[in-house]
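Just so you know, we're using the working numbering here: the sequence shown kicks off at 134 and counts up by one.
Just so you know, not all the hints are guaranteed correct.
For lysine to any residue, the following SDA-like pairs were computed, each having C-alpha atoms within a straight-line distance of at most 20 Å [what the hints assert, rightly or not]:
1. 365 to 186
2. 356 to 221
3. 356 to 346
4. 365 to 221
5. 365 to 353
6. 343 to 358
7. 356 to 366
8. 356 to 183
9. 343 to 368
10. 343 to 316
11. 365 to 354
12. 356 to 368
13. 343 to 221
14. 343 to 333
15. 343 to 324
16. 343 to 353
17. 343 to 315
18. 343 to 320
Keep in mind the hints are simulated off the structure, nothing from the lab.
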Amino acid sequence: MAREITGSRRVDDGARFDGGPADDDRSDETVTSETRIDSAGTLPDGAFPLSGAQRGIWFAQQLAGDVPIAIAHYVELNGHLDLDRLEYALDRAGREFGSGYLRLAEVDGEPFQYVDLSMRDHISYLDLRSESDPEAAAMEWMTREYSAPVDMLVDRLVVSHVLQLSDERWFWYSRIHHVALDGFGAMTMIQRTAALYTAAVEGREPEPSKAVDLNDLYVDDAKYRSSDRFEKDAAYWAERVRSLPDPPSLSAVTAPPTSPALIAGGFVSTDLAERLDRRVTELGTASAP
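Turn these sequences into a full structure, and let the hints steer you where they fit.
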């Protein structure tokens, strides 16, 4: 599914957010980089290959075309918000993780990644207080944003926007291409941003960052993929999935991916939920949330 808004989280689930009013002149900020590395170019300093998982996303995006493979979500904030402090927290977290400033380059058909700290990073602000239904307008805007195509060699892979719905109600929206972070990594960076913001508001030093350098992560992945353990793991899982049936489907036909994704849902009866739990226990597996 492409860029699904996964839900909202109120501020009291994590760090404290407060501060001053927002600045209207931020609405014209841009978060798009301007340089493309073509196939005849040379790699930027510090560039290194994609990990195995990233290469999978890279090739999947080629197949998906204009349908972006990304993570999008928003955090609902209630109270005063200091945009300058939030921008500082986003910038620092992005630098600590590296993913916030990640760029891709393609040389001779091979994708590479590098952290480009020279990119300007300003949070975009959108004032929706004059709309007849600010929340509906915010949802419509976010859907358009996360449904738009992303050029992985040009566009920013991680972007943030603040949407103001009322004097003390805000949506902090983020869209992250899956090649830069997975869902767990995205939420970890959001939580780090919240911690940095709160520390700035309270006038204290934040806890030290626990982020690992992206190149170190690639090196660890490369070592694993060239190890005996990788070969054993591959053989094990190949045997496990050999006899699995075809994936079940509610439809007998297939179609190309589209954006935005169509989402349908409903309630599972208590009886069905209990039967599913029993089967999960019998099969020694786990249920999807």
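Here is how each hint holds up against the structure:
no.	hint	result
1	365 to 186	holds, 18 Å
2	356 to 221	violated, 35 Å
3	356 to 346	holds, 16 Å
4	365 to 221	violated, 45 Å
5	365 to 353	holds, 17 Å
6	343 to 358	violated, 25 Å
7	356 to 366	holds, 14 Å
8	356 to 183	holds, 13 Å
9	343 to 368	violated, 34 Å
10	343 to 316	holds, 17 Å
11	365 to 354	holds, 15 Å
12	356 to 368	holds, 18 Å
13	343 to 221	holds, 18 Å
14	343 to 333	holds, 18 Å
15	343 to 324	holds, 12 Å
16	343 to 353	holds, 17 Å
17	343 to 315	holds, 17 Å
18	343 to 320	holds, 14 Å
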